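Protein chains in written order, with UniProt numbering: chain A, 1 to 323; chain B, 1 to 323; chain C, 1 to 323; chain D, 1 to 323.
Treat the hints with caution; some may be incorrect.
With a straight-line Cα cutoff of 30 Å, these simulated DSSO-like cross-link-like pairs (lysine-lysine) come out [what the hints assert, rightly or not]:
#1 K117/C - K154/A
#2 K306/B - K117/B
#3 K10/D - K266/C
#4 K266/B - K266/A
None of these hints come from the bench; they were simulated from the model.
The structure displayed is predicted, hence computed values, not measured ones.
Number of protein chains: 4
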Amino acid sequence: MCTAATYQTKDFYFGRTLDYEFSYGDEIVVTPRKFPLDFCHMGKCDAHYGMIGMAHVADGYPLYYDAVNEKGVGMAGLNFVGNAVYQKVEEGRENVAQYELIPWVLGQCANLQEVRKLLAKMNLVGTPFGDFPAAQLHWIIADASGAITLECTKDGLQVYDNPAGVLTNNPPFPMQMFQLNNYAGLSPKQPEHRFSGQIPFTSYSRGMGAMGLPGDLSSESRFARVAFVKCNSVSGDSEKESVSQFFHILGSVDQQRGCCEVAEGKYEITIYTSCCNASKGIYYYTTYDNHQISAVDMHRTDLDSKTLSCYKPVTEEQIFCQN
Amino acid sequence: MCTAATYQTKDFYFGRTLDYEFSYGDEIVVTPRKFPLDFCHMGKCDAHYGMIGMAHVADGYPLYYDAVNEKGVGMAGLNFVGNAVYQKVEEGRENVAQYELIPWVLGQCANLQEVRKLLAKMNLVGTPFGDFPAAQLHWIIADASGAITLECTKDGLQVYDNPAGVLTNNPPFPMQMFQLNNYAGLSPKQPEHRFSGQIPFTSYSRGMGAMGLPGDLSSESRFARVAFVKCNSVSGDSEKESVSQFFHILGSVDQQRGCCEVAEGKYEITIYTSCCNASKGIYYYTTYDNHQISAVDMHRTDLDSKTLSCYKPVTEEQIFCQN
Amino acid sequence: MCTAATYQTKDFYFGRTLDYEFSYGDEIVVTPRKFPLDFCHMGKCDAHYGMIGMAHVADGYPLYYDAVNEKGVGMAGLNFVGNAVYQKVEEGRENVAQYELIPWVLGQCANLQEVRKLLAKMNLVGTPFGDFPAAQLHWIIADASGAITLECTKDGLQVYDNPAGVLTNNPPFPMQMFQLNNYAGLSPKQPEHRFSGQIPFTSYSRGMGAMGLPGDLSSESRFARVAFVKCNSVSGDSEKESVSQFFHILGSVDQQRGCCEVAEGKYEITIYTSCCNASKGIYYYTTYDNHQISAVDMHRTDLDSKTLSCYKPVTEEQIFCQN
Amino acid sequence: MCTAATYQTKDFYFGRTLDYEFSYGDEIVVTPRKFPLDFCHMGKCDAHYGMIGMAHVADGYPLYYDAVNEKGVGMAGLNFVGNAVYQKVEEGRENVAQYELIPWVLGQCANLQEVRKLLAKMNLVGTPFGDFPAAQLHWIIADASGAITLECTKDGLQVYDNPAGVLTNNPPFPMQMFQLNNYAGLSPKQPEHRFSGQIPFTSYSRGMGAMGLPGDLSSESRFARVAFVKCNSVSGDSEKESVSQFFHILGSVDQQRGCCEVAEGKYEITIYTSCCNASKGIYYYTTYDNHQISAVDMHRTDLDSKTLSCYKPVTEEQIFCQN
């Protein structure tokens, strides 16, 4: 499945893992301000904020998995299979198809407040993109001021505050947050010995304070784990230190090949991990087989252009040979 | 603390994390065949197998944390605080100081069988190196044929088969292996629904087969987690695929800064992670703040030399800028 | 807090624990058919089914915690603090106060089907009983055909199928049922060894199949534990064997004095545990300090009377001295 | 398997559960002071302390599972299959067969200090009793001053202090005690919220302080659970309150029929639970199908007699009918 996280140092960082058993063929794509966004029900828009993210480009259209716009708003869609129920097209409403939701939001909103307003009047519909069935997703949207989660279920469109600043998959977000209560006592510090005064306890290892944190790859367990790592992360606030720490945060929910068998001999892995400096528009990423961080800088492309700038991800391990 | 693991594809790989709150100043060090090894109680040896590994060089002597020799035998020392009890120097025995154990073993043994023989007659003593107190350690030693664990406790020197091919820290190895029994039912596949036929269960997420695997940073939890990931790992057997997978295995026990507070504001982190192709003598590593894999090839140094070849680890994030 | 369970052998059994730090003064109370039930908003009713259960009698009115009627329908109210939100009185609806819900339902319904119909038109209101504030509760209602859970939250009145046939407290029932998915692989049988073929695992103890089942006293953990024990219970179907097994089921969530401190030196304990043979109208119970099962038989009272029959629970340990 | 525990109020209490899939036919047996104890290798003894406990009487000899002597020393043998290794008969040593260990110790020792001395010179041998193979056991021995555990393994006879005052089965006792370290942070109080200051946690239920305590029936899990309940138990110190609390302690590790399947359709259950007032020599017990506590008082038998006094346990549910 997938995991998303936010991180704040001097700048604001936003990223995610994409976990699956195969890749659709993804590219780092910069959508410049004048690229014509032809919305399904909302008409054409050729003046909008520029954005950068990972996308599958189909028929010239960037189907974004995650992206950040030039104003520092980030957004990622994560699998929400079995729970996502899209709305019906309604006349007089702002009908947005799920596949165009990321450009719809990032194209118009300069901050989370504007996002909330936009979502309040939106009708999220399941219109498919060509032959692709509508992906069942939910979304995390964040800027330096905070994060929200957007879910469209049988109960309608829900917008939730997301104080943890992380997202995985099922179950719905309120249940994920609720389950965190079961881990409220965990800490990076050693546990106090409260079991009994009669027994001489030993902290036989460092790092015992988070005992009870789950280590498997299910979406509830990844949620708790990444929330713990993210909320307790400590790093310098330089660009390199921040980016490095971010990849350590998402590394805590890395899916190793072999550990999640989805069909006989088929394994879900972390295909890519991204970390975008939302403040500066730089998209950093690693792929399963390339541990080196690569980067694409939105501002080194012509943001006033009308055409997409696409960069194939580096997927082969780049090893630095010291001798 | 630390974690070590082995991995077999076409070649044999051996590596470890070193987790601590500061670095002593480590280098990738090749000890060539004729480098004079002046053993504390066993005299000088200037004809031995060459080896490569991470070491702190003090007074010209390589204090190895982990290394692999030219015959494909790997060895790593991991913290074993509170349990390591070294023996007394005994006349007529092969007295080896704990700090020189890695060169002692790797200098002489071409395979695990020879290691076992050497250990059988060895007396492991706590003679300190200069002002350094004797580090309390235990060791994993492995080649393509298997792995063993060496522990020197109040019960004497113990050599254990290590079918899991992993090691962390406390408690002693037999207890770590015993605790794995509690996870015997975990699997990369989804769990069968055995709780009750009355209740309609849902596998609401992929990756639920390892529920119960611990996610914290204590040594018992890291042991179970890395054993699970290592034993279930799947990868191609090319050099790059194998090395990549190895770093994913040890990534499962990465210590993120902030998650293990050892004193007010002091955090233990994974200072470096290594993966040595033991068959080919290439030492790969990453550091906490450099996700790119770097490599030093033993066979690109003069193995018949008498002087150490030392390489400072690359510790600054090497980001590839795509535009 | 509290736990309720159902159990089916030849007869149908229904019972609960009541966990709290003090008792309001409870009695086993038989409400006969002609006892005038004066409903707050629905008028007087003096012809209804007889019922037996544990109640606090205030001003001559039986405030039932749990009861079973002569038709074999059982019902229990359990704490649901922070989630129960009652409705407003609405003209033209069947307005029922939460404190009179048990007699309202059990007085009229001969089976679960009738209960569902009754609930469909009911408006559950928070009218207090005298000076008592409205207790925040949710309910389990069951007969031999199955069980349902009734919750009145900010989203309105909810009726859920309850295939597990158990109930505890927070969070809301759908979340409790969802969390059971995390335990779907647990079993009374020893686990198959699926972790790795490389490691020789040992089932060093009997009863390892349910490893991962939580053992603490929180409401989520009690839900999972009692569901596991109930769903896997095996017993003969005689009265004594069934009743004995039922007390073993609820014994799995017994709250021992000292293990749940709710205020300095104040402990929540299992004040009483009940098991009603719903088919025969016999109310069995134990109290924290009396392990012997006591019984009150509804049919040994005059069910056509107009006055309550009340029995003080035996709360002192009844020890049988064999010599 | 089995669980034993101690409990101290005004008097000292000692008891255990016996968990198995069938009973050998057990009785409460008082061995009076002059009953001739014919030790296998140590000759006859017909002047010893009297004792009471549960035993299978074979050929007139009481094979005790657990007992307490008139001096207040209690002792119980619990399954230790795969780990118990008895010693060889050695001339000049005090050779004691495992089946006669309880009378050997309780017949001679007035307190734990004397027990330690006796064990120091003892050689525990596996001489079988008739056709019965030597049961693989380990023992807890306790008086008001404390408790010890006795294990005879391949490493010889071991006597351990037992500060927890509980015992179950595998693995060996030091490992059981070590594993308790993993639960050192658990408490009867609600957990402090240490996970993160960013997230508003809710203690949605009482009793969340012991989250992480295991709830299954394996011997490691029962050890942790009963230790937690015992160490945190609170009760009045009258006889009835103490005895009641003791049965609640052992109730926390009750094995319910159906939850531990040892062969197709065969289930291990808690056949009996005992609680002996060691100070007064009263043996209290319940059986799986009789929740009422029964009692046999050693001092109501003729302790100066030469013949055993045997009492068949009450195994049928004794229900008190209130009407």
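Outcome of the hint check:
1. With a C-alpha separation of about 25 Å, the suggested pairing of K117/C with K154/A holds against the 30 Å cut-off.
2. The hinted pair formed by K306/B and K117/B meets the criterion: a straight-line CA distance of about 27 Å does not exceed 30 Å.
3. For a cut-off of 30 Å, the pair hint linking K10/D to K266/C stands: about 21 Å separates their Cα positions.
4. The suggested pairing of K266/B with K266/A is violated, with an alpha-carbon distance near 42 Å, which exceeds 30 Å.
This entry does not satisfy hint 4, going by the numbered hints stated previously; all others are met.
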